[in-house]
Amino acid sequence: MNVRVLQVGYGDDEPVAARVERVAALVAEQRGADLVVLPELWAPGGFSYREWEQRAEPLDDSPVLRALADAARAAGAVVHAGSLVERTAEPGPQGRHLWNTSVVLGRDGAVAAAYRKVHRFGFGVGEPQLMEAGEDVVVVDLPLDAAGGTTRTGLATCYDVRFPELFRRQVDLGAELVLLPAAWPAARLAHWRLLTRARAVEDQVVLVAVGTAGTHAGTEMAGHSAVVSPWGEDLAEAGAGEEVLSVDVDLDEVASCRERFPVLADRRL
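Mapping of the sequence shown onto the working numbering: position 141 corresponds to residue 141, and the numbering continues sequentially without gaps.
Careful, some of the hints might be misleading.
Here are the simulated distance ranges between beta carbons [to be verified]: (1) 93 <-> 126: 14 to 20 angstroms; (2) 93 <-> 32: 30 to 36 angstroms; (3) 255 <-> 111: 27 to 33 angstroms.
Read the hints as simulated data drawn from the structure, not as lab findings. Quick caveat: nothing in here was measured; it's all calculated off a predicted structure. Just so you know, even glycine gets a beta-carbon here, dropped at the ideal spot from N, CA and C.
Could you build all of it, start to finish, from the sequences and the hints given here?
This is the structure we're talking about:
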């Protein structure tokens with residue numbers, strides 16, 4: 001499986017519409033890829049809390065998703081669109097209409113999966129103040145194998161990586177691959193590198209962790225997107241700036257790792 005990691009860099013000076021057009025064109029260029037993955041909230045801005053309300057979109061009428069659907073068809077690849085600020089007509093349990101929602105598009109541009117972020121970052125401000133929390137653990141069969149097979153794939157977003165129980169639940173549901181878009185700040189880069197490797201090792205999965213670059217809303221982003229093997233080895237890692245990684249991933253390595261080092265069979269809790 002060939003994975004393209006698109007570590008998008010942006011700042012406050014780039015209009016959202018221009019950024020969407022630029023990134024969709026970049027996705028369309030990824031012909032030959034089986035999977036293209038974008039970061040969390042790359043269009044509305046990961047730390048641009050004050051702009052989320054006006055930049056929110058319903059999933060069934062999203063300019064961002066329409067642009068990426070066209071790009072997925074042009075590239076002939078499954079596209080993880082990162083996440084966007086989803087607006088719903090009906091409020092959630094806390095009376096809010098906004099969600100941090102990740103969307104996966106098939107090669108035909110149709111929505112193949114969606115995941116609403118379970119763990120909201122902000123300690124009472126930002127996401128917890130403005131957004132509803134997702135409740136569902138999402139693991140789906142995605143057609144990522146170049147030979148036509150499917151891969152059990154777990155979806156998580158950014159702050160979720162600090163909560164290992166979510167990833168263990170994904171393993172229980174059969175996940176072999178986990179996709180983790182993020183808007184991770186540079187101030188906690190060491191945590192990003194540590195936690196992403198830990199989740200891959202302890203759950204014996206391939207982890208695709210995709211962050212953003214640049215500075216927006218006064219926050220410098222960490223970059224350093226990575227594809228991590230079930231042994232915790234970096235198959236590829238980006239630097240701090242905008243970058244595209246092309247990584248060939250052998251998904252059979254997941255079964256091999258679990259057979260050679262059957263740690264998951266020893267779980268007791």
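Consistency of the hints with the structure:
no., hint, in the structure
1, 93 <-> 126: 14 to 20 angstroms, "holds (19 angstroms)"
2, 93 <-> 32: 30 to 36 angstroms, "violated (43 angstroms)"
3, 255 <-> 111: 27 to 33 angstroms, "holds (29 angstroms)"
Going through the hint list in order, the structure does not satisfy hint 2, though it satisfies all others.
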